[in-house]
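Number of protein chains: 2
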Amino acid sequence: MPAQILHSTPRADGFRMPAEWERHAGCWMLWPQRRDTWRDGGKPAQRAFVEVARQIARFEPVTMGVNPDQFENARAMLPPRVRVLELSNNDAWARDIAPTFVVNREGAVRGVHWRFNAWGGLEKGMYFPWDMDALVPAKMLEIESLPRYRAPFVLEGGSIHVDGAGTLITTEQCLLHPNRNPHLSRGDIERLLAEYLNIEHIIWLPRGVYEDETDGHVDNLCCFLRPGTVALTWTEDRADPQYERSAEALDTLLTARDARGMPLEIVKIHQPEPMTMTEAEAMGLDVVDSAFLRPVGERLAGSYINFYIANGGILLPQFGCRHDRAARETLAQFFPEREIVGIAAREILLGGGNIHCITQQQPAGIKSAAADRSGDGNV
Amino acid sequence: MPAQILHSTPRADGFRMPAEWERHAGCWMLWPQRRDTWRDGGKPAQRAFVEVARQIARFEPVTMGVNPDQFENARAMLPPRVRVLELSNNDAWARDIAPTFVVNREGAVRGVHWRFNAWGGLEKGMYFPWDMDALVPAKMLEIESLPRYRAPFVLEGGSIHVDGAGTLITTEQCLLHPNRNPHLSRGDIERLLAEYLNIEHIIWLPRGVYEDETDGHVDNLCCFLRPGTVALTWTEDRADPQYERSAEALDTLLTARDARGMPLEIVKIHQPEPMTMTEAEAMGLDVVDSAFLRPVGERLAGSYINFYIANGGILLPQFGCRHDRAARETLAQFFPEREIVGIAAREILLGGGNIHCITQQQPAGIKSAAADRSGDGNV
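Just so you know, the protein sequences line up as chains L and H, in that order. Numbering of the first sequence is given in the numbering used here, commencing with residue 1 and proceeding in unit increments. Numbering of the second sequence is given in the numbering used here, commencing with residue 1001 and proceeding in unit increments.
For the record, the hints were derived by calculation from the structure and aren't laboratory data. Worth double-checking, as some hints may not be accurate.
Said to hold, decoys possible - Partial chain H-side listing against chain L, Cβ under 8 Å, derived:
no.: 1; residue: Phe1071
no.: 2; residue: Leu1087
no.: 3; residue: Ile1143
Cβ atoms here follow ideal geometry from the backbone N, Cα and C, with glycine treated the same way.
Sequences are here, hints too, so could you generate the full structure?
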């Protein structure tokens, strides 16, 4: 039943959002081409996305959704093993635009189709219109013949992380922002997250990364490494505007409990050296009234937290910076069975996000009551 | 290997085009919306296509490819069991635009991507441009992760029929038309058909149906009912311009042999009463310089031969005409295990074709040296 729209909720039906480290069927991406997001007509970003897709495809199937006018170019630039499909979109952030997938214990997979308003709609959203983005989840689920839940509120996949064991982590800055769901209270949102992701407990961090254009998506700030352990982007420089944001997140995490009632182990990952957009980079962008302006000298919201967990690998942003190596080494400790793959990620960052933002995992349906939810069980 | 492009040929690799009655994995269609092909903004044709899709979906999976701007409308009009995918196209003739699928004895399925020039290119083709049509086979095969042969010549699926046992039937009017492959001789085309469809013998009929806009596609004139038996559209009215066309085809068929060296049984199916486009119908069409003009009073190329064989059914055009019943009864004799489903088809005919023209079967890969090629083995 490809087009089946379900009028219940994942929780009611026994479906939950798995952790990113649980086994994937594959990874979805969308092809970058907006000239007001990606400099030089998108060509440098396309090369960076090709490298991300090529590396992920070493570990799991990758499907790239592409606007009709870029189909031939994307097909030619991507390696043969990456599946390229026509999939109209307004920009390339699969994490936020694609559905969130949920699974049950019988191995069934379904999708949650969130409302999408381009990170804020007409109230400082990133661009207008976003009509094609809004259809992407329906189209992806049709392609896969998976049933679809239509969630009645705005959410982007990058604004949440789960441990697969009942805990969700997010930020107040984003989920309570008046440009997302102004008609919903914190309590309403908590109830909806519980219904649509089947989580038991929410950890609310105050704010995301400094100058993050998404209104503070958690996936650039903090993520689970395994149940009970989170990674947090960090700096020791008190003069850096990121310092107070990371420090207040740390305060929250130090007193937080997860769904099991356990305290969290917190792993600090030092942020990259502050980066700004150069004049040459800014001059490569179209200036469009209906889209977010990215000026010369703007601080880029660089973070190593914005990595992607593939079946046998970790795709980690690298910035040619002295902190790159520490990030690699820290993640290698927590994912000993996965290969740490560093990707030169500045071109993705220039568009306003990073590797996690441009990927969305589709979990494998695994029929097992004992599906391994631990850090490295399913590589 | 989704994007695998094969540089050999189906014949070299042991793949052949199966007969339409061999078992299908499903059926591809494309959604009608051109305002210069389909009257009244395409709405009556859309309703007719919905009925075709709905009926075929009773027998086998149906996927409808839709332009981005019609995705929501098509999804809403089609029943849930029909899979709806974004698939940009210039018009809705899946038979001619989609790939031709080939199979081998191990159950593998591949696609042949023909060159396409909208039934004649700039030399009296049906419209300009046809750039999106030309990409449809690549996109369909990517979706299905099937390897693709890129054939080096223009061909439309509706211009050929095969018996699955080595025989192909076509028309000189179409395949030798100077607006298709003027650089290729009859011998060149015969060799290419043998390579790309793995057939042994070609029966050349002179011309297609009177006023057929495709330059005489065989699928509106004559088709196989089983190896050794063909159906031919027929009229007893010598004053009808179709008479001499059917009569000359009959003459050819009477002396023809199939790939086994056997003569053919010929089943005449009386054509529908001559129909013409009404003023109201013609007024519903946009007039566009770059597209074929369909004037009031134009004879419509109606034919019962333009039916589709689904796994357990025959989808047969009906015109509200006194010959409808005989067509149903004749096909029922030859397909006793399949349900004969009549479809009111005038709206499809107004666009220039019929049910066979708007469908393309994707064969099931069946691992068997003894895959049944007889008339009703695989329902």
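These are the hints, each one checked on the structure:
For Phe1071 of chain H, the suggested interface contact is upheld, since its CB lies about 6 Å from the closest CB of chain L, less than 8 Å. Evaluation of the Leu1087 of chain H hint against chain L yields a held restraint, the C-beta minimum of about 6 Å falling below 8 Å. Nearest Cβ of chain L to the Cβ of Ile1143 of chain H: about 6 Å, under the 8 Å cut. The hint holds.
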